[in-house]
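Please construct the entire structure, taking both the sequences and the accompanying hints into account.
Number of protein chains: 2
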Amino acid sequence: MDAIKKRSDCPISCSLDVWGDRWSLLIIRDLMFKKQCTYGDFLKSEEKIATNILASRLQTLEENGVIDKLEHPDSKAKVLYKLTQKGIDLLPIMIEINLWANKYFDLPDDRKAVLKEVKKDKEKFIRDWMKELKKQ
Amino acid sequence: MDAIKKRSDCPISCSLDVWGDRWSLLIIRDLMFKKQCTYGDFLKSEEKIATNILASRLQTLEENGVIDKLEHPDSKAKVLYKLTQKGIDLLPIMIEINLWANKYFDLPDDRKAVLKEVKKDKEKFIRDWMKELKKQ
DNA sequence: AAATTTGCTTGCAATTTGCAAGTACAAATG
DNA sequence: CATTTGTACTTGCAAATTGCAAGCAAATTT
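Chains as they are written, first to last, in the working numbering: chain A, 219 to 354; chain B, 219 to 354.
None of these hints come from the bench; they were simulated from the model. Quick caveat, the model's predicted, so the values are computed rather than measured. No false leads were mixed into what you were given.
Heads up, the list lumps identical chains together, so a pair's fine if it works in one copy or across two of them.
For lysine-lysine, the following DSS-like pairs were computed, each having C-alpha atoms within a straight-line distance of at most 25 Å:
no., residue 1, residue 2
1, K352, K296
2, K300, K321
3, K352, K337
4, K321, K287
5, K340, K304
6, K300, K252
This is the structure we're talking about:
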């Protein structure tokens, strides 16, 4: 549906064409924290994404190979969304966004605590978290 | 004009509220490569941003302290835009986006070459480039 | 069998985008 | 010094996107 409409060959531009809107990275964030989410999980997030926007973003992210849909083990009515390797590889970007935000916004204490950990050994943190995300 | 309409206290969400649209990071990219740009320079970029969108984004980025306007030494008709420290601090995010894009898109050769350099010593690359950006 | 949950889709008003044209001021040109 | 050109925007408007509310079909629970 959302055809591939590359604006240029610039890496930043290409990346933005995939996830450069106000919502996609929040979906990806949810999947990084929670590993797997249902449609309803995304709707429950703090930012209150509209259901039609969510459906549209999930489709685009899937079409671009960033996320995957899979059957829920408990119920055919539910759908599980998870990150692909391409999605998992966005983790370093996520971390850097967090670190930037930590410098320029006043974040909730629990977030600040995590970022303190990140700073101790960024490489290791990313490596460990990626391993976690790949587990399933 | 664009009032501060935070969707949540999440660092990703706060960051997206500042530069999370299809154009802002391209403006920031231009400033990272070229250090200083005029209004016309931005318009010349490959992605062909519309002039009204450009004006609106420059204003929002300035209001959020990411970029600064300054007088052009040669002419009062020209305006120079540059990154603030807050803008310069987006460099690690930019680098990670580049590295991700390098893994999943086929980039122009010159870009690939730079990223090969980056990978040799990411920390140093960022440090050196930041120093360059701070020079003026 | 009826009610509820789940993952969407549909309709529509409001906002945002994108294109084209216009404007005001500065600077260069003749 | 009058006119053209350059620079940084603004304005108008159609088209696309967003966001809210309601609807819907299949699966599950009661």
